[in-house]
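Could you put the whole structure together from the sequences, leaning on the hints where they help?
First to last, the protein sequences are chains A, B, C, D, E, F, G and H. Taking this note's numbering, the leading residue of the first sequence gets 1, the next gets one more, and so forth. Taking this note's numbering, the leading residue of the second sequence gets 147, the next gets one more, and so forth. Taking this note's numbering, the leading residue of the third sequence gets 293, the next gets one more, and so forth. Taking this note's numbering, the leading residue of the fourth sequence gets 439, the next gets one more, and so forth. Taking this note's numbering, the leading residue of the fifth sequence gets 585, the next gets one more, and so forth. Taking this note's numbering, the leading residue of the sixth sequence gets 731, the next gets one more, and so forth. Taking this note's numbering, the leading residue of the seventh sequence gets 877, the next gets one more, and so forth. Taking this note's numbering, the leading residue of the eighth sequence gets 1023, the next gets one more, and so forth.
What the hints contain is simulated information worked out from the structure, not anything from laboratory work. Heads up, some of the hints might be wrong.
As the list claims (entries may be wrong) - With a straight-line cut-off of 27 Å between C-alpha atoms, the simulated DSSO-like cross-links for lysine-lysine are:
hint, chain 1, residue 1, chain 2, residue 2
1, G, Lys-900, E, Lys-710
2, C, Lys-380, C, Lys-313
3, C, Lys-380, B, Lys-234
Bear in mind the structure is a predicted one, so any value in this text is a computation, not a measurement.
Protein chains: 8
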Amino acid sequence: MELTVYLAGQIHDNWREELEKKAKAKNLPLIFVAPQTNHDRSDNIGEEILGKQPSNLYKDDAASDINNFRTQVLMQKADIVIALFGEKYKQWNTAMDATTAITLNKPTIIIRPESLIHPLKELSNKANVTVETVEQALDVIGYIFE
Amino acid sequence: MELTVYLAGQIHDNWREELEKKAKAKNLPLIFVAPQTNHDRSDNIGEEILGKQPSNLYKDDAASDINNFRTQVLMQKADIVIALFGEKYKQWNTAMDATTAITLNKPTIIIRPESLIHPLKELSNKANVTVETVEQALDVIGYIFE
Amino acid sequence: MELTVYLAGQIHDNWREELEKKAKAKNLPLIFVAPQTNHDRSDNIGEEILGKQPSNLYKDDAASDINNFRTQVLMQKADIVIALFGEKYKQWNTAMDATTAITLNKPTIIIRPESLIHPLKELSNKANVTVETVEQALDVIGYIFE
Amino acid sequence: MELTVYLAGQIHDNWREELEKKAKAKNLPLIFVAPQTNHDRSDNIGEEILGKQPSNLYKDDAASDINNFRTQVLMQKADIVIALFGEKYKQWNTAMDATTAITLNKPTIIIRPESLIHPLKELSNKANVTVETVEQALDVIGYIFE
Amino acid sequence: MELTVYLAGQIHDNWREELEKKAKAKNLPLIFVAPQTNHDRSDNIGEEILGKQPSNLYKDDAASDINNFRTQVLMQKADIVIALFGEKYKQWNTAMDATTAITLNKPTIIIRPESLIHPLKELSNKANVTVETVEQALDVIGYIFE
Amino acid sequence: MELTVYLAGQIHDNWREELEKKAKAKNLPLIFVAPQTNHDRSDNIGEEILGKQPSNLYKDDAASDINNFRTQVLMQKADIVIALFGEKYKQWNTAMDATTAITLNKPTIIIRPESLIHPLKELSNKANVTVETVEQALDVIGYIFE
Amino acid sequence: MELTVYLAGQIHDNWREELEKKAKAKNLPLIFVAPQTNHDRSDNIGEEILGKQPSNLYKDDAASDINNFRTQVLMQKADIVIALFGEKYKQWNTAMDATTAITLNKPTIIIRPESLIHPLKELSNKANVTVETVEQALDVIGYIFE
Amino acid sequence: MELTVYLAGQIHDNWREELEKKAKAKNLPLIFVAPQTNHDRSDNIGEEILGKQPSNLYKDDAASDINNFRTQVLMQKADIVIALFGEKYKQWNTAMDATTAITLNKPTIIIRPESLIHPLKELSNKANVTVETVEQALDVIGYIFE
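In structure tokens form, the structure reads like this:
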């Protein structure tokens, strides 16, 4: 039984590569999908496909059309969603992806540092499991295969 | 990850073949499905299977039974829907297929020429992405696989 | 038992007033809701609330945000949807509203002139009932209360 | 037709009172519901009902049980959701409430200052309408009653 | 708490009147809705609204458009469905209405004579309760109000 | 694209074998599933697994538990449902299976002889397509693959 | 805003009356519905309506038809479900009602004594809130109206 | 056609191994999934992944997060659910899993000894089939493949 895991969350470090490497080391039968992790590509995709927009507002809106399209396709394929929150930035996309997953009854794991316990408390409470490290998230998924 | 794409829209030129050829050239793992594109076959299918009907109204109704059956089967298999609007004809089937897809939460791309911006504005607004060319629609889908 | 009826369709003549007057004459316990029928107001509502947009494309998109918001609120309240197609214009909003209603299992009546039988055949086939006059549509609704 | 509006968002100023006063001035037939806006009460509600918890993590989790219960009851009653983002704090509850509303097909308006266009772009794109002021949000709702 | 009860089933005797009279005698707070019980009106409604059809097949199809429209509106309002099967006729509408109700999670009671136990066994098995008399069906509903 | 077809309907002649043979002759990529077609096995399955029941009522109820379980598993796998009505018997299981399929949005074809037009009119009207012969039903399905 | 609360759980003491009295004392606008709390009536209702059954198994099955019918009607009306577990008996109906409510997205409160923490841990974890006393459950509901 | 079967229920004897062995002996094309059956691992999994918790309540809650995550993933993959009740313990997880499956329209078989007829009567009544032995449950599933 192969499971598809959507990796929502920040794109400012290589946590996805780390997680995928550890999953492979444990021989877990997982397929990983994710948002566009090249930040510039993600911000510019609207103009790169649709052409120059009249201002940043419209550039952002054109990019988000296409980013949301991508996420919707991939999340519908996912059996599990992991959402990682880091300490920097607003990360509203991560909150949006985690909430979408939960509302659609996708089993969902949140990874967040201890410092974010308070601001994330209602969302953590709705997710299935909240952990602090990538390693713990994989342990939770690995438990399915025991 | 292979995706199935339903190609709704006009059947008066060969845009589907063009799109499929470009997809193949880009090695995108896509399977394409579509309505009946032989216009005469589509109009006559009711009488060809069920026999002569008493008037054009009933001939049309018999054909649409079978065309709607086909579309329902294939759209339920689709991960993505592309709906292309051209400048001629009423194209209410295209509007119907796009709306059905959107209401069923199928990720949906509309292709339409600049001249149709105004009459299509509410439907465009509900679709995930609206573009002007087949090439751009493929770029949007290709972005999923980056 | 009071029923709410959403009146989708063209806004270029006074068919809604006619229908409401006839419903009142028959003492049918119906509440009518509808899209914005002042054409200019509907086209300009985006700029009137959000301010000047950089071009017609963005003006249209801003208007359609708000028109779609209105339709979504009111259609969710509706027990029945009537969609009237006239002979002019693309009327893709009418096709979109009728299809949304059908996909959401709202009982739906289409009113269209004989000249539109062929281009509307697949959508007519999915609606519950297709008639040619406002009077007939009311007869269908009146039948519920017999 | 009376509509119930859930007011998600920050609880650090009196925007809800302002909005309710303006709605009353316009005679809009709206009922407003909202999360607990007394910040201390919201943070302490878990311990106030369930008793002292072993640490802040558990205090937060107990509070969020009850805050999420309240939100779920009230949002299920809502016809419309308004989510206001301010410039301070993480506001992940606001993002969670807006996303839940959108995923459940509740018509949703986002209010955010211009400075938040970029970080909110994907969520804005999924909402029905995004505006910058409370007044504009009310204009959008008022448009339903024209 | 007032409940709406849809009375599906044969229209060849006055069981609905009998049931409504008994409900009134017991002061049960029930509102009853039902299909058209005037058999001729039900068979002819298509032609009476839409005009002469080319043959019995089309006359029947036109009538069923409107009968199904009526049933869909009223069943969506129903809290409970009662379906009564008698010994004569095919009664496929009764089977269709009972099955629709069950599939939509409407609490459903079947009334049927002992002679129909065998042919109705799978449908009975899916309904909530199967009884033999109108009186028993009312007892089951009355039990809700104890 | 392989499609699974559930063959609901009478078990008193070999129409399923005939249909499967013709499908094979046309090289249609179809997998067929069906209810238990051994009539005695179907009637006795309850007692054969659960032991002697106190009367025919309970024997029938035990059998229908298991027949309904089988149908639910297989219909959930089906992309298409064909329901064939013959001239004999009540065939309420066929009506139940067709209605379940339609209510679950499974594309559905009804096969019935001309003599059953009138009693089946409302159910026919809800199905996608109604035909008179097994050959025609296969033509409708074959049309998907053109 | 009036809320309907379904009170699932044991019927061996008068906790419902106690809870309703306290709700009234706090002026909470709540309507309470519940299963049949007369234990004998609940066990015998099948035979009382349908007549003598051949053994206890069938007597129980007849009763449960009607008890499940009642619960389904009332729970569909409920905005909130409270499920109280006591220390005696299996109480599988309470577990079933709580789980049904949770799966249907009804906001759910579990009341259970400390001694039941361990056996109820997975179900508690899925409910919105778990408390130990009737008073606490009312506090949670009262919080909605602050 | 391969089917996935979720085996809910007690983990105090080896009934799952017995059932899987018999399924293999009959060549039934079944894949079995189940909750964690190592009782200690199931009770301790929260602390083993998340670290020491402040008391048994929190240890249990942490474990149930992860057990519920596992069950949700696996049950979403299941075509059929079998829930076995034994005579010991509260077994509320079994009741919860069976009810979740039934509410999600998963075809469900309950296995229980004769002694549990009365306390399980309402849940049995909602399941598709109730049997007394593992052998009978397999006979029911085997019947699908006849």
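Which hint numbers doesn't this structure obey?
1
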